[in-house]
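Listed below, chain by chain, are the residues.
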Amino acid sequence: MKYLPEDDTIVALSSPLGNGAIAVIRLSGSESLAAINPALKRPITAEDARRAIFNEIIDRSNEAVIDQVVTTYFRNPASYTGEDVVEISCHCNPLIIDRIIAQMVNNGARIAEPGEFTFRAFMNGKMDLSQAEAVAGIISARSRQSLTQSLRHLEGRLSERVFKIKDEILSYLSLLEINLDFSEEGIEVMPMEEMRRKIEDTITSICRFLDTYDYGRLLQEGIKLLILGKPNVGKSSLLNAFLEKDRAIVSNIPGTTRDYIEANLELDGLAVQAVDTAGIRDTEDQIEAIGVERALAQMETADVALCIFEGNEPLAADDKVLLELIDNHRETLHVIPVINKIDLGEDNTVTAALAALELPLIKISAKASTGIDDLKQAIKAQVFNDVSIESEEVVVTSARHKLALEKAIGSLENALSAIEIAAGEEILAVDIRLALDSLGEITGETTSEDVLNHIFANFCIGK
Amino acid sequence: MKKFHVKHLTVYKMEKYDVIIAGGGHAGIEAALATARMGLKTALVTLKKETIGKMSCNPAIGGLAKGHLVREIDALGGEMGKIIDATGIHFKMLNKSKGPAVWSPRAQADRNAYMLEAQRRVFAQENLFVIAGSVSGLKTENGAVSAAVLEDGSSIPCRALILTCGTFLNGCIHIGLNNLASGRAGEQAVKGLTENLVDLGFATGRLKTGTPPRIHIGSIDFDQVEEQKPDDPPVPFSFETKEIQREQLSCFITYTNPQTHEFLKSGLDRSPIYTGTITGIGPRYCPSIEDKVVRFADKDRHQIFLEPEGFNDPEVYVNGFSTSLPADVQEKAIRTVTGLENAQILRLGYAVEYDFFPSYQLHTTLETKLVGNLYFAGQINGTSGYEEAAAQGLMAGINAAQKLLSRPQIILDRSEAYIGVLIDDLINKTILEPYRMFTSRAEFRLLLRHDNADLRLMDTGRQVGLLSAETHARMIQRRTEIVELTEKVMTRSVSPEIFNAFPNGKSNSEIKQTTPLRQLLKRPEVKLENFLSLLSEDGETPYQSATLTEVEFVLKYDGFLKRQQELVDKFKRMENTPIPEWIDYFTITSLSAESQEKLAQIKPVSLGQAARISGVRQSDLAILMVYVEKAHKQRGGVSRETVSG
Chain G
1 MKYLPEDDTI VALSSPLGNG AIAVIRLSGS ESLAAINPAL KRPITAEDAR
51 RAIFNEIIDR SNEAVIDQVV TTYFRNPASY TGEDVVEISC HCNPLIIDRI
101 IAQMVNNGAR IAEPGEFTFR AFMNGKMDLS QAEAVAGIIS ARSRQSLTQS
151 LRHLEGRLSE RVFKIKDEIL SYLSLLEINL DFSEEGIEVM PMEEMRRKIE
201 DTITSICRFL DTYDYGRLLQ EGIKLLILGK PNVGKSSLLN AFLEKDRAIV
251 SNIPGTTRDY IEANLELDGL AVQAVDTAGI RDTEDQIEAI GVERALAQME
301 TADVALCIFE GNEPLAADDK VLLELIDNHR ETLHVIPVIN KIDLGEDNTV
351 TAALAALELP LIKISAKAST GIDDLKQAIK AQVFNDVSIE SEEVVVTSAR
401 HKLALEKAIG SLENALSAIE IAAGEEILAV DIRLALDSLG EITGETTSED
451 VLNHIFANFC IGK
Chain F
1001 MKKFHVKHLT VYKMEKYDVI IAGGGHAGIE AALATARMGL KTALVTLKKE
1051 TIGKMSCNPA IGGLAKGHLV REIDALGGEM GKIIDATGIH FKMLNKSKGP
1101 AVWSPRAQAD RNAYMLEAQR RVFAQENLFV IAGSVSGLKT ENGAVSAAVL
1151 EDGSSIPCRA LILTCGTFLN GCIHIGLNNL ASGRAGEQAV KGLTENLVDL
1201 GFATGRLKTG TPPRIHIGSI DFDQVEEQKP DDPPVPFSFE TKEIQREQLS
1251 CFITYTNPQT HEFLKSGLDR SPIYTGTITG IGPRYCPSIE DKVVRFADKD
1301 RHQIFLEPEG FNDPEVYVNG FSTSLPADVQ EKAIRTVTGL ENAQILRLGY
1351 AVEYDFFPSY QLHTTLETKL VGNLYFAGQI NGTSGYEEAA AQGLMAGINA
1401 AQKLLSRPQI ILDRSEAYIG VLIDDLINKT ILEPYRMFTS RAEFRLLLRH
1451 DNADLRLMDT GRQVGLLSAE THARMIQRRT EIVELTEKVM TRSVSPEIFN
1501 AFPNGKSNSE IKQTTPLRQL LKRPEVKLEN FLSLLSEDGE TPYQSATLTE
1551 VEFVLKYDGF LKRQQELVDK FKRMENTPIP EWIDYFTITS LSAESQEKLA
1601 QIKPVSLGQA ARISGVRQSD LAILMVYVEK AHKQRGGVSR ETVSG
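Chains G and F are the protein sequences, given in the same order. Read in order, the letters of the first sequence are residues 1 to 463 in our numbering. Read in order, the letters of the second sequence are residues 1001 to 1645 in our numbering.
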């Protein structure tokens, strides 16, 4: 059922998702403070209204600090929506944003529908009619905009998958309902043991679907790709080779200290933030040492590192430093050793040393643009290795969808506990229906008519 | 049988009535009794006064979900439960092995006795006048009904008109490829009314339903069929009935077989459905036997209930064998069924097609949107079933009376009653087949139990004046008892000595220390009735079983009930946000075209109702809310609270 309740507390990212430095998460509703305070190092009090406070958000499941933030509390009615509002300025990292929102959802907030903050502002008289009309316009414009070809494709396949899960649920809900509404028809009833197995199967398949969320984030947010190697090994040429093939370039951004270069590019649909580091070099030189240190720091946040070696010359001392780096980091990030300048000949000692790493070794010529496709494939293979899904599979990308799926699992688990206490079909049906309702937030409502349709299509009813 | 108090059976053409009801079926009876009892001068116009209250189809009242409707009708002060209690010959509580929310009473009626009992009540009613005739049109003045027009051209002035015409509007009966205009076997159809309503701007459609053959009770071999015994003691429908007086009898079960199916299939080339003579859509939950055989070809038998129609009636209703195949096929096929080898058909099965008016054309009061003070109830709205019809008849009667008496309209919502679910579905859903009630249609099923219909609805029944003060007072007393008993249960604990002494059937269910009773009740095997002696000082058990059920259910499943209650609360918030009738959806350009059309057609009275209309999206609702607010302000600051559809 589609409700817009007005007295619960809602939360959402209010700034656009992108490359900004700071993101703003907004929380609105009478329980705003209750939703955020448990996660704050310094809980907000009534006296904090209109004050920006430097704060820390803590993941209470492990007491780890998620991020350093600035919280600002606007007490009702002096706020955008007219309700108690808290704005949290955090670092603009999708993972951080997600984890912060998750904290608040755990504490009772609900993820806001599009336009819902403005909607509440209007309902609480914080906006005049012309503004409100503009909101209505924005809401409809936004949904039109969202109907881009690619999105429709993605959404369509997503709902297809959810529909499949719903159908699964519908098939046993129907059996329950038959037993309630048509118990006199003499239709055989599913034993509770089998019902339990089916519910567990559904939970498993929703879980598997949820696992694709990380993959989905990768697709949407992209990965960070580090290019490492000694000076003149061809790092820039490689970057250019990537850029030449794929024209979807945003820009070439020189690093502020000229110690690395960033470029945003796209590898077969995967957004990549490529970082061309200063050369890795075993050096006494202070400035260059700083460069190396920065490169190492980059490794902490990168998803994939390409380590470039020259194929036509034996390993140099700098190369050996790099090999050492690989050894130290291969557990924490995906490393791909790359032999460049393969067009100039191949030194077998290099190949042998790199092969000994037992990592996927790729041979390219950045200049001649050979082997670039293999490299791309290797990058993708590494990235998507973590998430064991097939390439054609649909992935969950939106936090709202993720939440809906998690709610469905929760309801199905409640249904399992109803079986545990030998509750009747009508009790069991409540939670199974709630699970369908949650999935309905993705695909649209499942009505009792759908349940009856399923029954009439599959069972001989009617005496 | 008591004597009829037959009054005024002549047509008083010059006389004006407050309310005229067209049709003396189950909807018409409830509507007529309600308006008359609410003090309005009422005329019931029916083709033949002798057929008022006739059971056209199966001789049973109630059943799954339908039994809930009857209990609700009774709690509101309606008649159906009382009539069946007086004339039922086989009472059965269905789903008794499941949870109390889905128990549902059903009773076979002595068909003739039921009809006569209904007539006795109608004829004895003050303010109610029965007129033999057929309403074939209506007159309007200033957009509201002013008179009913009869077949002979005469007209009777009235302030409100309730149409409860059943399957009679352009009714057409089919047996094989033969068909004739008729509303029910042997009775003429109503002509002209549909056309008149279409002229007034109403949309109409065609539906189909069917009925099985009736066979002679003496021709059944009872040794070959399974007996189904009635409940002992029988549980009455009405909250006012103390006990069932009438003698009870059994029903019987048998099955079709592959040979039956062969014979049925051999007649398909003369089936009005399979040859396309019938275009109306039939109900999927009540398919004809030929439909079942074709659609579920892999099933080698179908269940048949043999329902006697009374002690002095030779007819037996062959439930499950609804058919419109030709006479020779019906006869051959039925005689292949075990126990029916010598069956003698007294009346053939048939299909009937009739006009209905898609119910989005109604307000939730069942008043039409097009013509003021004109109400539709029963099969005319696309429903099937006596109970669905009676429920609508009662609500149409109550609301017509309330309006004429300048009192507030009575709308039951989906969280209050199956009647609320029924009417809300009728108005917001597209009716593609005759609509029947199912418990699965009620999203708040756990809260809508047949045995708490009194708690849910008697206040309303009393408020409109249909329920006696005495009956209402008994319900109030029961409410008090429920609170009392709940309190007792919540405060008592049970010692291991007492608890473990009960035969629980499960070895692991013993307790080691004194445990709160409410905690023990969560165990599936623990029943409240076992602990009654702990709850009253003198060991007496003053509580009715419905009260025990109520308390036990609420305590046992409180977690589940809380989740339902949360949904109800959300639901209510949306229901309480009204949308004024004069909103023009087509000027709200940001709504999707589909939403505009659906909203304009249905004209929801609240945001909650708008949300239930298929095709209306969440973003549409947000937009709607904005415009509702704007429209109110433009109309000169009318506050939201005072405007309702």
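It cannot be assumed that every hint is accurate.
One-sided excerpt, in silico: chain G residues whose CB lies under 10 Å from chain F [unchecked claim]: (1) Pro191; (2) Ser237; (3) Ile421; (4) Ile427.
Keep in mind the hints are simulated off the structure, nothing from the lab. Owing to the predicted nature of the structure, the values given are computational and were not obtained by experimental measurement. For every residue, glycine included, the Cβ atom is placed at its ideal position computed from N, Cα and C.
Here's how the hints hold up against the structure:
no., hint, result
1, Pro191, "violated (15 Å)"
2, Ser237, "violated (50 Å)"
3, Ile421, "holds (6 Å)"
4, Ile427, "holds (5 Å)"
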